[in-house]
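**Q** Below, each chain spelled out in residue letters.
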Amino acid sequence: MPTISRLFLKCGLIYFVAAMASGVAMAWLGAGWGAVLLPTYIHLFVVGWITQIIIGVALWLFPKWSKEQPRGREWMSWVALVTLNIGLLLRVGTESLHSLNRLGAGAQTWLAWGLVASALLQWVGGISFMLNIWGRIKPKQERKPRGGSAAKNAPAKKRAPQKTGGPA
Amino acid sequence: MMPPLTVWALRLACVHLSIGLTVGALLLADKGFPFLSGTNWLGVHLHTMLFGWTIQFVIGVAYWILPTFGRRTNTGNDLPAWSALLLVNLGTLVGGFFGIFSASAFTLQALAALCFAAHVWPRLKPFGAPTPD
Numbered sequence: 001m002p003t004i005s006r007l008f009l010k011c012g013l014i015y016f017v018a019a020m021a022s023g024v025a026m027a028w029l030g031a032g033w034g035a036v037l038l039p040t041y042i043h044l045f046v047v048g049w050i051t052q053i054i055i056g057v058a059l060w061l062f063p064k065w066s067k068e069q070p071r072g073r074e075w076m077s078w079v080a081l082v083t084l085n086i087g088l089l090l091r092v093g094t095e096s097l098h099s100l101n102r103l104g105a106g107a108q109t110w111l112a113w114g115l116v117a118s119a120l121l122q123w124v125g126g127i128s129f130m131l132n133i134w135g136r137i138k139p140k141q142e143r144k145p146r147g148g149s150a151a152k153n154a155p156a157k158k159r160a161p162q163k164t165g166g167p168a
Numbered sequence: 001m002m003p004p005l006t007v008w009a010l011r012l013a014c015v016h017l018s019i020g021l022t023v024g025a026l027l028l029a030d031k032g033f034p035f036l037s038g039t040n041w042l043g044v045h046l047h048t049m050l051f052g053w054t055i056q057f058v059i060g061v062a063y064w065i066l067p068t069f070g071r072r073t074n075t076g077n078d079l080p081a082w083s084a085l086l087l088v089n090l091g092t093l094v095g096g097f098f099g100i101f102s103a104s105a106f107t108l109q110a111l112a113a114l115c116f117a118a119h120v121w122p123r124l125k126p127f128g129a130p131t132p133d
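Chains as they are written, first to last, in our numbering: chain A, 1 to 168; chain B, 1 to 133.
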């Protein structure tokens, strides 16, 4: 499995545990906190876990882009990994605090900019993945016979008998 | 390489991903600095990301990698699989245009699930199972 896929899958597993933990926190803290934490919980689960697992497996298993670059423009996958994860962490750090609205005006503005940055980073991550994987979604191709049409029409060659180690 | 249905499903899923992601980013930025007017942005985000992207991607990959009947190209009755693809996309469009809890959108998605299940059911078979005639 390529390094980039392993990292996506391991990040996905961490978010899976984190999403479940925030679900437990929501259940223990009651309905008020549940409403505040719900968007964070959903996105930890859907972006952090499901989407990253999909991306990791797709980068690993989809048809090769080319012989020289089997996984396409790999730098785009790295951009996707870094921006998606920083964006999601930024969201976790800012969204709930911002919706609680208990900080001063200055801090609230910083949190609002944090949300904008998180949105932008996640957008860049998703679009980078999409652009890179597009070229690896390839239709089935007919296999060309070796040697072109002449070889196709030629009678099948008999296989040479294999040496069995008998007397020379 | 991938069969045509998988190519269509995955490319459409990518299109939905880019739309859903863009709307999602706008919604998140809107939490910080409100600027979006009251239309069905959340409906577009939910339907494109859940049905258009995630579910359509799963359908495309499942159609590609699940066991076939004898030859690798024999995937059985393809009509329900194509119907599922059509219904998922139709449902996503309807959900995007007519609201997050649009009954017709969810009905279309339920029919898509039924069609997909009908196609995939016979392909979930053990190794070496006889091919049905």
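To be clear, the hints were calculated from the coordinates, so they are not data collected in a lab.
Note that beta-carbon positions come from the ideal geometry of N, C-alpha and C, so glycine has one too.
Accuracy of the hints is not assured; some may be wrong.
Listed below are the simulated DSS-like cross-link pairs for lysine-lysine, each with C-alpha atoms no more than 30 Å apart in a straight line [stated by the list, open to error]:
1. Lys138/A / Lys31/B
2. Lys138/A / Lys67/A
3. Lys64/A / Lys10/A
4. Lys31/B / Lys64/A
5. Lys64/A / Lys138/A
Stretch by stretch, here's where chain B covers chain A in the computed footprint (C-beta under 8 Å, at least three residues) [what the hints assert, rightly or not]:
6. 32 to 38
7. 44 to 57
8. 107 to 114
9. 130 to 139
**Q** Indicate, hint by hint, whether the structure satisfies it.
**A** To see whether the hints hold, each was checked on the structure:
1. A hinted pair counts as satisfied when its Cα atoms are at most 30 Å apart, and lysine 138/A with lysine 31/B does not qualify at roughly 39 Å.
2. Note on lysine 138/A and lysine 67/A: the hinted pairing holds, with a Cα-Cα distance of about 14 Å set against a maximum of 30 Å.
3. Simply put, lysine 64/A and lysine 10/A have alpha-carbon atoms about 23 Å apart, close enough for the 30 Å limit, and the pair holds.
4. Annotation: proposed proximity of lysine 31/B to lysine 64/A is violated, straight-line Cα distance about 40 Å (limit 30 Å).
5. With a CA separation close to 9 Å, the supplied pair lysine 64/A and lysine 138/A stays within the 30 Å bound.
6. Counting residues of the stretch 32 to 38 of chain A whose beta carbon lies closer than 8 Å to any beta carbon of chain B gives 0, which falls below the threshold of three, so the coverage claim is violated.
7. For a cut-off of 8 Å, the count of residues in the stretch 44 to 57 of chain A with a CB near a CB of chain B stands at 4, and the three-residue condition holds.
8. Using a Cβ-Cβ cut-off of 8 Å, 4 residues of the stretch 107 to 114 of chain A lie near chain B, which meets the minimum of three, so the contact claim holds.
9. For the stretch 130 to 139 of chain A, the assignment as covered by chain B holds, since 6 residues bring a beta-carbon within under 8 Å of that chain's beta-carbons and 3 suffice.
Consistency with the previously given hints fails for numbers 1, 4 and 6, ordered from lowest to highest.
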